[in-house]
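*Asks:* This is what each chain is made of:
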Amino acid sequence: MLDQNPQPFVEIRGLCKWYGDFSALHDINLNVALGEKVVVCGPSGSGKSSLIRCINQLEAHQKGTIIVDGIEVTPDMKNKEKIRREVGMVFQSFNLFPHMTILANLTLGPMRNRGASKSEARELAMHYLNRVHIAEQADKYPAQLSGGQQQRVAIARSLCMKPKIMLFDEPTSALDPEMIAGVLDVMIELAEEGMTMVVVTHEMGFARRVADRVVFMDEGEIIEVAEPEPFFNTPQSERAKLFLSQLLGH
Amino acid sequence: MQGRVAAPTPRSLRQREDTGLDMAVVRRILWQVLQASLVFVGLAYLIWRGAAAMEYNWQWYRVEPFFYRIIDGEIIWGPLVKGLIQTLKLAAIAGVIAITIGFITAFARLSNSIAGRIIAKVYLEAIRNTPLLVQLFLFYFVLAPIFGIDRFWAGVLTLALFEGSFAAEIIRGGIVGVDKGQFEGADAIGLTLVDKYRFIIVPQSLPLILPPLTGLTISLIKHSAIVSVIAVSELTTAGLNLIADTFMAFEVWFLVAGIYLAVTITLSVGVSLFERSLNKSKR
Ligand SMILES: Nc1ncnc2c1ncn2[C@@H]1O[C@H](COP(=O)(O)OP(=O)(O)O)[C@@H](O)[C@H]1O
Ligand SMILES: [Mg+2]
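Protein sequence lines correspond, in order, to chains A and B. According to the working numbering, the residues represented by the first sequence are 1 to 250, in order. According to the working numbering, the residues represented by the second sequence are 1 to 283, in order.
Please keep in mind that the hints were generated in silico from the structure rather than gathered at the bench. Worth double-checking, as some hints may not be accurate.
Taking lysine-lysine pairs in the DSS-like style, the calculated list, with each CA pair at most 25 Å apart, reads [to be verified]:
| hint | chain 1 | residue 1 | chain 2 | residue 2 |
| --- | --- | --- | --- | --- |
| 1 | B | K196 | A | K78 |
| 2 | A | K164 | B | K196 |
| 3 | A | K118 | A | K80 |
| 4 | B | K180 | A | K78 |
| 5 | A | K140 | B | K89 |
| 6 | B | K196 | A | K118 |
| 7 | B | K89 | A | K82 |
| 8 | A | K80 | B | K196 |
| 9 | B | K280 | A | K140 |
| 10 | A | K140 | B | K196 |
| 11 | A | K140 | A | K118 |
| 12 | A | K162 | B | K280 |
| 13 | B | K180 | A | K80 |
| 14 | B | K89 | B | K222 |
| 15 | A | K164 | A | K140 |
| 16 | A | K82 | B | K280 |
One-sided and incomplete, this derived list gives chain A residues near chain B with beta-carbon spacing under 7 Å [stated by the list, open to error]:
| hint | residue |
| --- | --- |
| 17 | E81 |
| 18 | R85 |
| 19 | G109 |
Glycine included, every Cβ here is placed at the ideal spot set by N, Cα and C.
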């Protein structure tokens, strides 16, 4: 498609995924270069989550090839944790560990998977908590934080693993409106520092500002790939036009 | 009231009314308690009348040595106390083994290993669908001689395998009850399978697992009475022996039942107090 970069960091070729007999993804081809920011959008049920969850193998695919950082990821591969520490993931529902303090949420991964000592992990955690602007909450429990703060902790938790790419699955969809800006700001800062990002979101302002490309999906297929301005101003496909008009409609 | 703008009342000024004690509710509860007491008094009267009609010779004055005797200023524990200690020992050992079996079986059932799932399933079905008494006989008369284990351990292992099948389902339920997002969160930061369960899943399933599991352990004390049929020395066996010696069947069975009741209720109350203090300390 629009890939000029000869060495993509993530390479997806002919990807197909079924849930039972239901085809969730069909013949997906997508490359993401190092440092690139890709925004994925499309109607609910179009397969956006399935696509990015295949990249770190939270979901198994049945056909096609996914290569991350030169390693092919397959459903039956050993050591999935090796891929997962290179690929950070932020969920719509945060998925923080409620029985642990914020600090413990952040230090667990580096200590168990990166071999960091307790003090190293602590230092790392405080560094990233500072970056998402909530260092003062380190000793609280997730339930004591607002949704926006929890999502920023979740971002920091992923960053503590020093990933080479970050996947976001509708990170602001579960948030109260006044919380969204704080999370998007953190993501914009991250983008400006050069992080490779694949973001499922319908925040058009974010997409316009950050995205190198917008990928539009419908019914499990990639329908359109374009830079944000042309995509939002003059979408080519009928389905993208319809989707954007519905998105702007309210 | 259109176009109205109100300043919010500060929360500190919004006082909740103190409703105090509702006398009608108190009276109703007292009346219900009285009704229940009447039923129990009636039952006790029937038993007493029945015993009197068969001219049972109550000899409650003779039961003290069943518990202890004092010889030369030293306390010698009687058969009921010794039996109770044996029962607690039996139940404690069987309980620890049962919970271990429960965890292993639960993980085997949840694992990807087909062999593990088959073995777990066969174990569960075999235990569920045969009578405990038959399992005990099988252990004592068949497996014990083959493997050279004594009657105490035959009893312990039978109880452990039996309760372990229930523990397995409790533990599996607790693990399945943890939010799916927690599994994904753990996967996403690259935890290994063991770390995922150790740090994330099991700690969060404990509040779901512990209450029914303590209930199971308490009921283990009651179920342990069954090993008296292979003459393992414990509380029920002690009761049987006492009756053979003294013919005081009524007193002994009332005492034995009372001891079981006292132990299990004490444990239940202790556990619920402990749980409450845990919940309080959790913010
Ligand atoms: N675990 C699952 N089992 C069965 N069907 C699923 C599952 N997850 C998603 N689907 C279906 O797959 C399709 C794509 O889902 P998803 O990738 O979540 O879409 P999106 O994130 O774009 O809303 C939807 O129709 C959804 O109902
Ligand atoms: Mg989704």
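*Asks:* So, for every hint listed, does it hold in this structure?
*Replies:* Hints versus structure:
Taking the CA atoms of K196 of chain B and K78 of chain A, the gap is near 16 Å; set against the 25 Å cutoff, the hint holds. This hinted pair checks out: K164 of chain A and K196 of chain B have alpha carbons roughly 22 Å apart, not beyond 25 Å. Restraint check: the Cα-Cα separation between K118 of chain A and K80 of chain A comes to about 24 Å, which is no more than 25 Å; the hinted pair holds. Under the criterion of a C-alpha separation no larger than 25 Å, the hint pairing K180 of chain B with K78 of chain A is consistent with the structure, at around 22 Å.
Annotation: proposed proximity of K140 of chain A to K89 of chain B is violated, straight-line Cα distance about 42 Å (limit 25 Å). Taken as a hint, the K196 of chain B and K118 of chain A pair is honoured in the structure, with Cα atoms around 18 Å apart against an allowance of 25 Å. At roughly 47 Å between alpha-carbon atoms, K89 of chain B and K82 of chain A are farther apart than 25 Å, so this suggested pair is violated. In summary, the hint linking K80 of chain A to K196 of chain B is supported, as the alpha carbons are separated by about 13 Å, within the 25 Å threshold.
Note on K280 of chain B and K140 of chain A: the hinted pairing holds, with a Cα-Cα distance of about 17 Å set against a maximum of 25 Å. Distance check on the hinted pair: K140 of chain A and K196 of chain B sit about 22 Å apart at the alpha-carbon level, within 25 Å; holds. Under the criterion of a C-alpha separation no larger than 25 Å, the hint pairing K140 of chain A with K118 of chain A is consistent with the structure, at around 18 Å. A distance of roughly 38 Å separates the Cα atoms of K162 of chain A and K280 of chain B; the hinted pair therefore is violated under the 25 Å criterion.
With a CA separation close to 18 Å, the supplied pair K180 of chain B and K80 of chain A stays within the 25 Å bound. This hinted pair checks out: K89 of chain B and K222 of chain B have alpha carbons roughly 13 Å apart, not beyond 25 Å. Taken as a hint, the K164 of chain A and K140 of chain A pair is broken in the structure, with Cα atoms around 28 Å apart against an allowance of 25 Å. Taken as a hint, the K82 of chain A and K280 of chain B pair is broken in the structure, with Cα atoms around 40 Å apart against an allowance of 25 Å.
Taking 7 Å as the C-beta cut-off, the interface hint given for E81 of chain A holds, the closest approach to chain B being about 4 Å. Proximity of R85 of chain A to chain B holds as hinted, the smallest CB-CB distance being about 4 Å (cut-off 7 Å). For G109 of chain A, the shortest C-beta to C-beta distance to chain B is roughly 4 Å, which falls under 7 Å, so the interface hint holds.
Checked against the numbered hints above, the structure violates hints 5, 7, 12, 15, 16; every other hint is satisfied.
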